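Q: Which chain is which? The protein sequence lines are A and B, in order.
Take the numbering used here: the last position of the first sequence gets the number 1056, and nothing is skipped along the way.
Take the numbering used here: the last position of the second sequence gets the number 1056, and nothing is skipped along the way.
Source of the hints: derived by calculation from the structure; they are not laboratory data.
None of the values given here were measured: they were computed from a predicted structure.
Please note that the accuracy of each hint is not assured.
Where chains are identical, the list cannot tell them apart; a pair therefore holds if satisfied intra-copy or between any two copies.
Said to hold, decoys possible - In silico lysine to aspartate or glutamate, DMTMM-like type, Cα no more than 25 Å apart, as pairs:
| hint | residue 1 | residue 2 |
| --- | --- | --- |
| 1 | K1030 | D925 |
| 2 | K979 | D925 |
| 3 | K583 | E663 |
| 4 | K583 | D548 |
This is what each chain is made of:
Number of protein chains: 2
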Amino acid sequence: MNYTKCWLDYQPILEEKKKSCYCHPVLMAEGVVAKTAGEEYCIAMSEMLGEPVDLLYDIIEEPSVCLEVVEDMETDATNDALAKQSFKIHQEEDSIIISGKSAEALLQGVFTFLRMVALDQIDEKMPYTCTPVMPLRMMNHWDDMDGSIERGYSGRSFFYDDYEILYNERTEMYARMMASIGTNAIVINNVNVHEKETYLITDVYLQQVKQYTDLFAKYGIKLFMSVNFAAPMELGDIPVSDPLNPDVIQWWEKAVKHVYEVIPNFGGFLVKADSEGRPGPFTYGRTHADGANMLAKALAPHGGIVVWRCFVYNCGQDWRDRKTDRARAAYDHFMELDGTFDDNVILQIKNGPMDFQVREPVSPLFGGLKKTNMMLEVQIAQEYTGQQIDLCYLIPMWKEILAFDTYADDEGTTVEKIVSGQSYGQSVCGMAGVINTGDDENWTGNDLAAANLYGFGRLSMEPSLTAEEIAEEWSKLSLSKEKEVTDVVVPMLCNSWSTYEKYNAPLGIGWMVTPHYHYGPDIDGYEYDRWGTYHRADLHGIGVDRTEAGTGYVTQYNEPWRSIYAKKETCPEELLLFFHYVPYTYVLKTGKTLIQHIYDTHFEGVEEVEEMQKQWTSLNGKISDRAFECVTERLARQLENAKEWRDRVNTYFYRKCGIADEKNRNIYL
Amino acid sequence: MNYTKCWLDYQPILEEKKKSCYCHPVLMAEGVVAKTAGEEYCIAMSEMLGEPVDLLYDIIEEPSVCLEVVEDMETDATNDALAKQSFKIHQEEDSIIISGKSAEALLQGVFTFLRMVALDQIDEKMPYTCTPVMPLRMMNHWDDMDGSIERGYSGRSFFYDDYEILYNERTEMYARMMASIGTNAIVINNVNVHEKETYLITDVYLQQVKQYTDLFAKYGIKLFMSVNFAAPMELGDIPVSDPLNPDVIQWWEKAVKHVYEVIPNFGGFLVKADSEGRPGPFTYGRTHADGANMLAKALAPHGGIVVWRCFVYNCGQDWRDRKTDRARAAYDHFMELDGTFDDNVILQIKNGPMDFQVREPVSPLFGGLKKTNMMLEVQIAQEYTGQQIDLCYLIPMWKEILAFDTYADDEGTTVEKIVSGQSYGQSVCGMAGVINTGDDENWTGNDLAAANLYGFGRLSMEPSLTAEEIAEEWSKLSLSKEKEVTDVVVPMLCNSWSTYEKYNAPLGIGWMVTPHYHYGPDIDGYEYDRWGTYHRADLHGIGVDRTEAGTGYVTQYNEPWRSIYAKKETCPEELLLFFHYVPYTYVLKTGKTLIQHIYDTHFEGVEEVEEMQKQWTSLNGKISDRAFECVTERLARQLENAKEWRDRVNTYFYRKCGIADEKNRNIYL
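Just chain A, with the same shape it has in the complex (with noise of 0.2 Å):
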């Protein structure tokens, strides 16, 4: 086997922690979803056990874990779609009984209990009811057929290799893992759709993708698509694309229910239009509305849906040009378009108005839009936060982004709320992440980086859990669940992003990565470019201007915020320099001026990677050999990603004001 079995490799538990009833599951209910959950509860039970579990079909008469479904279930969801997701794990005298109000809900009932029973939460957490937070989890995969993955940093992919696709017992134990965590639909290619995916929905590869249907279906996990919005042009026989043109209408309304006559239980397609040079509604004049609509109402007859990113934005950006500002164009692109997309249309927003940088404020869209259906996009994958050779733990990040108060309805509007479906009472939304994995044997080149995978799928279905809480579940569950090694684990990985963002671009600034690949330093490298992504540093400051004097992107915030981040004072430091232009002496919260703040963070930024190198190093023989030499290796390599930050952060800037350091430490020349 060349791949690793994460969080799914179970361990024997003690002998005085086995109850009776574990080693006869009982299965009450019919259906493949049903099925599968039977046969992961005794794919774990046998290794926990440590003897073979064999599935029941009846109640015999001693202690039984008993799996059913419940259609009339009680639950306290806010919605129908998300009250069929509801389950319920609780003991009756002797037996467990598992129920879930469809069998998709067993499923991650069976899921939820057996790491119940692999963390020994069981006596702790039972009775456990559980509804689902976000109504849809899902993952969106950039990869390509060629067996590429953009932004793929733990080899290839394991679903294509040379316009093949590929299937086997590793894809079997994808799904399963997904399904393990939550996740509930799947988008199996990337949002930039090239010559040979555009045939993805069509005969050349359809009766292949139904593979991955079928695979999925049995977990419950809904298939998704990525579709090129010119697929009518490079298809069909149509000079257009137009949304509007009955011909591209109709050709949708073909090419959809022919993917619905392979495969009925298609989930949908997820849309980058007008984006970075991909073809889009603009290019005839009509709204990203019309675009999505036109999609949406192919596939509604199906039941199926539209995903439409609002990655939005001027590539071709001149540098010069001080008022365009790229972190407008989200908001300014959608907002208009409030109320007029169809029910079956969602738009995914990524979380901030830039590009998954290390720190970002949260997308004002979120604060904005109230008769849309959303979805908030972060990146598991960790492009700009250190390619999963540096660790940054991003579940922090994402809490900070769902607990963001938008105060769109008043104070308490968060984005949890929002994407959720709680705040307008929508049921087609959720969290969608850029997935992390290839074909590494550890699936995420990183070990560690895997905690960010199993931290997306929990955090969408139970948004209260801590982030200390996650990366326990986690290095218990893929480590070992010895103190000592989640002593070092967990706090190495919530002090991750801290200290990830230390060495980075400073307060909020971004972008001071080597362009296109974007790991490692390069201050100037996005400067003078066409991305939009500008820091304008000169000798006296540095930071954008995003006050109403400036930009005016403040203005797309709900009160207070507009206020807060419109004064140097009273905004939040960590995002100083992305809201202002800010000299170097100017004086922080802290005391400190701007750049004594830049040299002292880049020199922490590196102590705490060594600091982290030395507790890793404590963990030698107590987790399994390949984990400890992967993420050593990696650290390494962080580390000498960490000083190069230092050293061309500091360097960049004392030479830019030639302002000492304050306590004399070595910035080159």
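Fit chain B to the supplied structure of chain A, relying on the hints for placement.
A: Then chain B, alone, in the frame of chain A:
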């Protein structure tokens, strides 16, 4: 025909310029090269006379043009290799005699005569005698077998496509063009020898390569190949490529022997070793002399030579390190080996110590080595000089280099004298140019870039030609003989290097280009990278201290250069920042401060491109539409590029030093 004939596109001459002898060529010599001379005469003269001209083999009773080989012809050549290349054109009564000391010399005489006729210089220049100045006049192709060209800006390779060797009418036209400008050696593959190209010297490709050698032989040109120093490992079963290992030596002897069995007139090898990731003798603790001599000994029995590149430096430098200096590398590596190379080894030395920047000092190796065969390497392909989008006529640069007095043996030891063999009596030496051709219709992307190719050949034959003379010849032969065309084109060409330099990196500092692509500005693009290419700009000034107090590079020069370069006051100002770190407020000889000079030249550069555009527009209808439109389009792109350079450079320095432009022009913030 999908290619032009460039300067071989002979046009009809005026009736009154026709001499009666022209239509009676008589070939008095035998062999393939002599035959070619006759053929070339007939092709050209048919076009120029407007009637078929047939070759005769006997003098009959009328005025004729006699083509003959006179082995005992007198010559002023300083060595035998050159003597054999002497030719003479003179009149005897109404007949003209073109005589060469060899068939190859005769062919050169014919091309020269035809050019004189085309340029209407017959009466003015006859009698004409010529001994080429450079014994070897070599083209280096950086073509890869996949069909791409490293640093190629004129389309794809016409030698290879998808690992197949091409051979067609274009290849024949190419050979004619090369011979017509005096080329006598061609390396047909990239110095970076990749996997498949390693097989070029084996039976996998040798028969196909033979097609080229046979073709080139007809034109008096020897074919060379770049070889992979690690070939014994990659092609043989030898675990090393140690040049002193008997198995390795034997492998090469056998390989070379076989090459000569298939291709008896093979020229030899070009080698890039221990450079930018290429394998070499350093791997085994051997010297470059060990490596080159090993190959030389394998080639010597067959009359072959080894051209060994001196482009050896540490491409993994730490930008923090201010002592290591890439500029020193070639001298540091090769000086101590002077006198240890075999007679059939040539060191091929780039013109400057860095890498074909728009302005560099002349490599100190030319003034250092005295007992080693040397070849001057220049880059006809405009990698750093505008990529055949921007106009940059390089003959003035090359003339400066050839005229540079190294003071190796007192005053007057110019680079020209050294690489032509005059200084030390060598005959295996000369000039090599990295060629700028591809399969674009006009061969060189920009029509005007062909002037560099033409000029390289002419200069290596007759370095005493002025840049203006060469420009005029080329323009008349390629575009139009009309004075109003020449009056525009010649100044455009001759001023273009100066214009390009103005909007590029200032005063010899170089390298402010987009990494990897090398087109367009990126001021800090290489500043924190590993390539040893730094400008060290800070808020006070810019430049690299290469004096004895700095990297010590100046000490590689003979006096008086060592002293001249060592002081800001005496250092030629176009090289000021190459040798010195200079404050922005330093006053130049013009009375301007350094910063004002930077601003002024960058505004001027753009203005001069605008003026070039105007000039070029005046040629509409006076030259071929194809050429007119090609250059018009290139000039528009050049203007964009010049503006981008102007604005980025000016903004970069303004942001860094805060000193305003005295003339209050627009510098973006």
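Q: What are the numbers of the hints that this structure violates, sorted from low to high?
A: No numbers; nothing is violated.
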